[in-house]
Every structure is written in C-alpha cells, then in structure tokens.
Amino acid sequence: MTDAPPQASRSFRAALAVYTERSSLVMVALGFSAALPYFLVFDTLSAWLRASGLSLEVIGFFSLVTLVSSFKFLWAPFVDRLRVPLLDGWLGHRRAWMLVCQALIIVGLWVVAGFDPTRSLGAIAVCATLVGFALATQDIAIDAWRIEAADTSRQGAMAAAYQWGYRVAMIIAGAVPLILAQTYGWNFSYAVMAGLMLVGVAGVLAAPREAQHVVRPIATAGLAAAPARDAVEWIARLAVLGTGALVLGSGLAANAGILGNVVAALGLSGLRDALLAAWQSDVRVWVHVGAVVAGLVTIAVAASPLPGARTRPGVYLASALADPLRDFFARHRSTGTLVLALICLYRIPDFVLNIMNPFYLDLGYTLVEIAEVRKIFGVAMTMFGVFVGGVAVARYGLLRAMVIGAFAGPLSNLLFIWLALQEHNLWALFAAIGLDNVAGGFAGTCLIAYMSSLTSAGFTATQYALFSSLYAIPGRLIASQSGRIVEHAARLADGGGLAVLTGLFAHRPPQSFATALEKSGVSPEALGAGYVLFFLYSALIGVFALGLAVMVQRRTPPPAPAP
Numbered sequence: 001m002t003d004a005p006p007q008a009s010r011s012f013r014a015a016l017a018v019y020t021e022r023s024s025l026v027m028v029a030l031g032f033s034a035a036l037p038y039f040l041v042f043d044t045l046s047a048w049l050r051a052s053g054l055s056l057e058v059i060g061f062f063s064l065v066t067l068v069s070s071f072k073f074l075w076a077p078f079v080d081r082l083r084v085p086l087l088d089g090w091l092g093h094r095r096a097w098m099l100v101c102q103a104l105i106i107v108g109l110w111v112v113a114g115f116d117p118t119r120s121l122g123a124i125a126v127c128a129t130l131v132g133f134a135l136a137t138q139d140i141a142i143d144a145w146r147i148e149a150a151d152t153s154r155q156g157a158m159a160a161a162y163q164w165g166y167r168v169a170m171i172i173a174g175a176v177p178l179i180l181a182q183t184y185g186w187n188f189s190y191a192v193m194a195g196l197m198l199v200g201v202a203g204v205l206a207a208p209r210e211a212q213h214v215v216r217p218i219a220t221a222g223l224a225a226a227p228a229r230d231a232v233e234w235i236a237r238l239a240v241l242g243t244g245a246l247v248l249g250s251g252l253a254a255n256a257g258i259l260g261n262v263v264a265a266l267g268l269s270g271l272r273d274a275l276l277a278a279w280q281s282d283v284r285v286w287v288h289v290g291a292v293v294a295g296l297v298t299i300a301v302a303a304s305p306l307p308g309a310r311t312r313p314g315v316y317l318a319s320a321l322a323d324p325l326r327d328f329f330a331r332h333r334s335t336g337t338l339v340l341a342l343i344c345l346y347r348i349p350d351f352v353l354n355i356m357n358p359f360y361l362d363l364g365y366t367l368v369e370i371a372e373v374r375k376i377f378g379v380a381m382t383m384f385g386v387f388v389g390g391v392a393v394a395r396y397g398l399l400r401a402m403v404i405g406a407f408a409g410p411l412s413n414l415l416f417i418w419l420a421l422q423e424h425n426l427w428a429l430f431a432a433i434g435l436d437n438v439a440g441g442f443a444g445t446c447l448i449a450y451m452s453s454l455t456s457a458g459f460t461a462t463q464y465a466l467f468s469s470l471y472a473i474p475g476r477l478i479a480s481q482s483g484r485i486v487e488h489a490a491r492l493a494d495g496g497g498l499a500v501l502t503g504l505f506a507h508r509p510p511q512s513f514a515t516a517l518e519k520s521g522v523s524p525e526a527l528g529a530g531y532v533l534f535f536l537y538s539a540l541i542g543v544f545a546l547g548l549a550v551m552v553q554r555r556t557p558p559p560a561p562a563p
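With our numbering as the guide, the letters of the sequence shown map in order to residues 1 to 563.
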C-alpha cells in the first residue's frame with residue numbers, strides 16, 4: 001500500500017458496511033488459522049508434555065520457540081521477492097505463500113500427533129520449531145495480503161475481523177484439545193486440530209486476489225558471478241545473521257537458555273554459565289537491553305557490504321533489508337523519525353500493565369472473580385473496542401482515530417488508581433477492566449491500520465514486519481520492569497518519601513493490600529502508594545505517545561477532497 005494521506009470522513013452506515021465486505025469476512029478465517037497453531041504449539045502442548053511426565057524446565061524450553069516471530073523481519077524480504085512456482089500464477093503472490101505455509105503447518109501438527117513425548121521429544125521439538133517458522137511466515141503473508149487487498153480506510157475493519165477470528169481460535173485451542181484428550185487421547189486430539197486448519201485454507205481460496213505484486217529490482221549489474229566464493233560468503237553471512245537473531249531473541253525473552261545451549265555445544269561451558277548468570281543478575285534488565293542492541297548491530301553487520309568490495313551476497317542482503325528503510329525515510333523525510341517513535345510508544349501504556357493479576361489479588365479479589373471479569377467480560381470488551389476502532393478508522397480517518405486511541409490509553413490506566421481506592425466492589429472491577437479493554441482494543445486496531453498505511457508496493461511484507469517488531473521490542477523490555485517499579489516505589493513510600501500517596505490509603509478496606517508485608521516486605525499503605533505511582537507512570541508514557549500522535553497528524557498532508 002502506498003503511503004496515503006488521512007481519509008475523509010464517511011457516514012456511520014458506510015463505516016459499518018466495511019465489515020460485511022468479502023475481504024473482511026475472509027480475515028476472520030485467516031485470523032483463526034494464525035491463532036490455532038500458535039496456541040496448540042506454544043500453550044496447549046505444555047499440558048500434553050506435563051501429562052506425559054516431563055519437567056517444567058523442559059516444558060519451559062518449548063516456549064522459547066515463540067521467539068521466531070520476534071525477528072520474522074529477517075526473512076520477510078524473501079516473502080516479498082520469491083514467487084511460489086505454479087501457485088503464484090493461480091492464486092497470486094500473497095495467497096500462494098499463505099497456502100504453502102498452511103500446508104506445512106497442517107503436516108507439522110499431523111506429525112506431532114503421531115509422536116509420544118516420552119520417546120520422541122527431540123522430534124516434537126523439531127516439528128514445533130518448523131511449525132513456528134511456517135506460522136511466522138504465514139503471518140507475514142497474511143499481513144501483506146491484508147494491506148494490498150484493501151485501502152487505508154478499510155484496514156481498521158480488516159484488523160478487527162482478524163482479531164475476532166484470532167480470539168475464537170484461541171478459545172478453541174485452549175479448551176477443545178483438552179476435552180478431546182481426556183476421552184480419546186492427545187494424539188487424536190492434535191490430529192483433529194490439524195484438520196481444523198482447513199478453515200484457513202478455505203479463507204485463502206475465498207480471498208480476493210491482491211493488487212498486482214511488484215518485485216523491486218536489486219542492482220547486481222557488473223558483478224561477476226563467483227559461485228564458490230559467493231557460497232562461502234552466504235554461509236558466513238547467514239551464520240552471523242543467525243547469531244544476531246539468537247542474541248536479539250534471548251534479550252527479548254529475558255531467557256538465555258537456547259543461547260547457552262548453543263555456546264555449550266561449541267565447547268564453551270564456562271561462557272554458558274557466565275551468560276546464564278548475567279541474564280539473572282541484579283542488573284539483568286541492562287543485560288537484556290544490551291543483548292537486544294548487540295543482536296541488532298550483529299544483524300546490521302551481517303547485511304552490510306564488505307569494505308571496498310561489492311559482492312552478490314552483500315548487495316542482495318543490504319538491498320533486501322536496508323532498501324525498505326530507505327524507501328520509508330525517502331517518503332517521510334524528517335517526519336520518519338517521529339513516526340517510528342510513535343510506533344514504539346503507542347502501545348507501551350498497555351504493555352506495562354503485565355502485573356494486573358497480582359494487583360487484583362492484592363486488592364482482595366478472588367481468583368474466580370478475576371477470571372469472570374477479566375477473562376470473560378474483559379475479552380468481550382476488548383473485541384468491542386476492536387470493532388469500534390475499525391469503525392472509527394473508516395468513519396473519521398486514520399490519524400484522527402490514532403489520536404483518539406492515544407488519548408484513551410493513559411486515561412483508562414488512571415481508572416486503576418480509582419479502583420485501588422474503592423471498597424471490594426465487583427461493579428468497580430467490571431468498570432475499570434471493561435473501559436481499559438475497550439481502550440486497548442480500539443488503540444490496537446488503530447495502530448495496525450496505521451502501520452499498514454506506512455508500507456509501499458514491493459516492500460509491504462518487509463516494512464510491516466519491521467514496524468510490528470519495532471513496536472513490540474520496547475514494550476517487552478520496559479514491561480519487564482513493572483513489578484520492580486511498584487515495589488521500589490512502595491519501599492520509597494515506607495521510608496516516608498511518598499506521604500501524600502500513602503495518605504490515600506489511611507482508611508483502606510481491610511482486605512486491600514492485606515498481604516503486602518508478607519509478599520513484598522512493605523506496609524499495605526506503601527504498596528497501595530506504589531501501585532498509584534506505577535499507574536501514573538504508565539499514563540505519563542501515554543501522554544508522550546499522545547503528543548507524538550498530534551505532531552504526526554499535523555505534519556501529515558490534509559485529506560484529499562471527496563470526488
């Protein structure tokens with residue numbers, strides 16, 4: 001999709017009608033096909049492994065396969081450039097890639113269904129990794145098709161429809177395999193789940209063809225072919241690229257398990273022990289940030305031309321990974337940095353709220369109450385927010401909807417300060433969680449639509465993969481410190497540094513923060529003050545995002561007049 005100015009407003013009925021279009025309906029099936037294998041491999045599989053008697057350490061290792069999606073931008077250029085033989089002419093570039101990936105996922109799940117974890121754990125791990133790569137590649141192709149098959153005003157509805165299908169599959173993957181396994185066994189259960197992937201296949205076949213695909217040329221004229229030398233250079237560059245991705249992923253996951261195993265396999269057991277110790281040290285957050293930076297630098301080195309020499313591998317990698325960024329900054333110029341900063345900050349107010357279950361428990365709510373409000377009502381409110389976000393993008397235009405979402409995010413975070421000051425009241429819990437989830441669903445839909453509008457023909461998959469990785473990386477790193485921020489602020493309050501905030505809890509309900517001393521080593525009033533300061537901090541991040549959204553809106557050309 002070429003970068004387009006904001007869309008002019010359309011009627012409310014026309015905005016709603018976007019959801020009934022063929023492309024939007026197809027997105028429900030594609031969202032289903034994206035979520036089903038993800039939760040089967042990275043969530044439900046853990047229940048099968050545990051039921052087979054495997055240790056939690058082994059089970060935790062499987063969760064690291066999710067890192068694949070964090071650096072899918074590394075092979076997104078190949079999805080942009082390489083055509084699938086035979087299928088490309090029949091289905092089009094993007095749908096051909098989707099169908100191939102879905103076939104690989106179905107085969108992978110079917111093969112997993114035939115294994116016994118107690119005897120073939122290694123084979124299951126290999127299949128899970130291959131399914132992870134196929135799933136990440138399918139995500140690349142789905143995002144690119146969505147962007148190229150619909151204009152900017154429809155991207156909100158497309159993103160909303162995708163998330164509806166995703167949520168349905170999440171529920172099915174979390175419950176149906178367990179029910180089937182109870183009666184018929186895990187192997188039968190996973191075989192049935194592999195069959196459910198046909199929903200995604202039907203979505204691909206029903207999807208309209210995207211716009212004519214454009215492959216951007218890479219200037220290799222004048223470079224003499226040297227097959228042997230190029231092969232050696234490709235191996236070396238891919239090895240460095242893989243090393244950078246491994247270090248980057250270890251930093252993002254805050255887990256150096258795979259990195260340590262690779263180092264140990266090279267005979268460097270001492271280095272493995274040092275890495276594992278550093279990842280768990282008191283300064284681990286800086287270690288994780290450093291790993292992310294080092295990984296990105298290593299990837300950049302792997303993709304850089306050799307000094308004083310132009311080679312085919314160097315030119316290809318440099319063009320494939322750097323040209324999408326050059327294209328972006330050529331179109332946005334000085335505004336490009338602001339746009340990237342907006343992408344990085346826009347969802348952080350939501351990312352940092354990763355300690356909400358402990359917060360609700362500290363307020364004295366029961367596990368059943370939290371489950372009913374957060375996991376049932378909250379999910380419904382999120383999907384309502386997703387729906388409203390899609391309507392807002394179509395009705396009011398993309399950037400105006402982005403500003404609304406940026407305003408709603410920090411405002412909804414402040415609701416939790418109000419909740420912390422209430423008596424044990426389920427209606428207050430419903431209100432705080434419901435409004436926050438509506439705001440989160442709204443903002444998420446707007447951001448997806450906005451990132452989609454920033455891509456250009458020929459670089460769609462690569463640019464969107466870069467943007468989606470960019471917004472996730474800062475959020476993951478900053479969110480890892482949420483608990484420490486609350487407890488550090490609470491200790492400061494216990495020392496008399498936040499007397500104004502502790503005073504708010506002088507007449508707190510008895511059940512609120514009753515276990516503060518036992519669990520966090522601070523007084524109940526101090527823990528309440530810590531949470532208040534944390535929610536103020538999360539809202540402040542949102543204020544910066546709101547400022548960036550307004551600045552970007554003002555620097556973007558006004559919408560074209562309606563014809």
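Heads up, some of the hints might be wrong.
[As the list claims (entries may be wrong)] Here are the simulated lysine to any residue pairs, SDA-like style, with alpha carbons at most 20 Å apart:
hint : residue 1 : residue 2
1    : Lys-375   : Ile-172
2    : Lys-375   : Phe-328
3    : Lys-375   : Arg-22
4    : Lys-375   : Thr-337
5    : Lys-375   : Leu-353
6    : Lys-375   : Gly-174
7    : Lys-375   : Leu-338
[Said to hold, decoys possible] Ranges between beta-carbon positions, derived for each pair:
hint : residue 1 : residue 2 : range
8    : Thr-20    : Leu-178   : 31 to 41 Å
9    : Ala-47    : Arg-22    : 32 to 42 Å
10   : Phe-384   : Asn-261   : 14 to 24 Å
11   : Ala-514   : Thr-183   : 41 to 51 Å
12   : Asp-282   : Asp-88    : 28 to 38 Å
13   : Tyr-537   : Asn-261   : 42 to 52 Å
14   : Leu-178   : Leu-198   : 42 to 52 Å
15   : Leu-198   : Asp-88    : 18 to 28 Å
16   : Gly-270   : Arg-555   : 31 to 41 Å
17   : Asn-357   : Val-285   : 45 to 55 Å
18   : Arg-83    : Lys-375   : 39 to 49 Å
Rather than coming from a laboratory, the hints here were simulated on the basis of the structure.
No experiment lies behind these values; they were computed from the predicted model shown.
C-beta: ideal position from N, C-alpha, C; glycine also.
Query raised in the report: What hints, given by number in increasing order, does this structure fail?
Result: Of the numbered hints, 2, 3, 4, 7, 10, 12, 13, 14, 16, 17 do not hold.
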